[in-house]
Amino acid sequence: SQQGEEDPQALSIQEGENATMNCSYKTSINNLQWYRQNSGRGLVHLILIRSNEREKHSGRLRVTLDTSKKSSSLLITASRAADTASYFCATAAGIYNQGGKLIFGQGTELSVKP
Amino acid sequence: ETGVTQTPRHLVMGMTNKKSLKCEQHLGHNAMYWYKQSAKKPLELMFVYNFKEQTENNSVPSRFSPECPNSSHLFLHLHTLQPEDSALYLCASSQVGAKNIQYFGAGTRLSVL
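In order, the protein sequence lines correspond to chains U and D.
Taking this note's numbering, the leading residue of the first sequence gets 1, the next gets one more, and so forth.
Taking this note's numbering, the leading residue of the second sequence gets 1, the next gets one more, and so forth.
The set of hints was computed from the structure by calculation and includes no laboratory data.
Accuracy of the hints is not assured; some may be wrong.
A few chain D residues that face chain U, going by a derived Cβ cut-off under 10 Å, partial list only [claimed, not checked]:
1) 40
2) 92
3) 94
4) 104
Chain D residues, not near chain U, derived (Cβ > 10 Å throughout) [as the list claims (entries may be wrong)]:
5) 17
6) 19
7) 41
8) 43
9) 60
10) 85
11) 99
12) 100
13) 105
14) 107
15) 113
Cβ atoms here follow ideal geometry from the backbone N, Cα and C, with glycine treated the same way.
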């Protein structure tokens, strides 16, 4: 079964607005990561939050994690047209990360209009 | 550049052809992965190699055959594919440990005619 489910599936905003994407997962995790993918390209790691952390910041990115609800959110502040991409959450499960395996969500397609 | 190089970037093949996808990582990682990404579907993990040993095969059809000759190189051999195998094939590598951040190549866009 799909570990990560994200909503919304698609999000369209104006430049300068904030974008919030949510991710839910099913099993216990070691950490949760967010990746970005430009159209037809590979994924790029953005930020990682450990299971014992509740919030993390990196530049214009803010990630929260609620392990009791098995959910995370990614906030991009003051969005730019260049932020247009698909965003995926990925969970690393178990103490030993099951040999490096990550389970990816279905992704949110973000469109930022200039 | 992410340090993971995939070739070719685009590939068109007939259903009776045999071709191979190549992935090379320059990051000194000990794990490599193949993923399939189809339109409107989530990323599907196909194979995992840790220290050159295959540790995961997610019920992938035998027409896909992985090979990992060393910790820097990963191949995906393709034969008698079906049109539904058309997709973006992504390779990734990581240093297995507490974080396991994966670094992806740009992918091979495969079209099966």
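Hints versus structure:
| no. | hint | in the structure |
| --- | --- | --- |
| 1 | 40 | 9 Å, holds |
| 2 | 92 | 8 Å, holds |
| 3 | 94 | 5 Å, holds |
| 4 | 104 | 3 Å, holds |
| 5 | 17 | 23 Å, holds |
| 6 | 19 | 19 Å, holds |
| 7 | 41 | 8 Å, violated |
| 8 | 43 | 4 Å, violated |
| 9 | 60 | 15 Å, holds |
| 10 | 85 | 17 Å, holds |
| 11 | 99 | 6 Å, violated |
| 12 | 100 | 5 Å, violated |
| 13 | 105 | 5 Å, violated |
| 14 | 107 | 5 Å, violated |
| 15 | 113 | 19 Å, holds |
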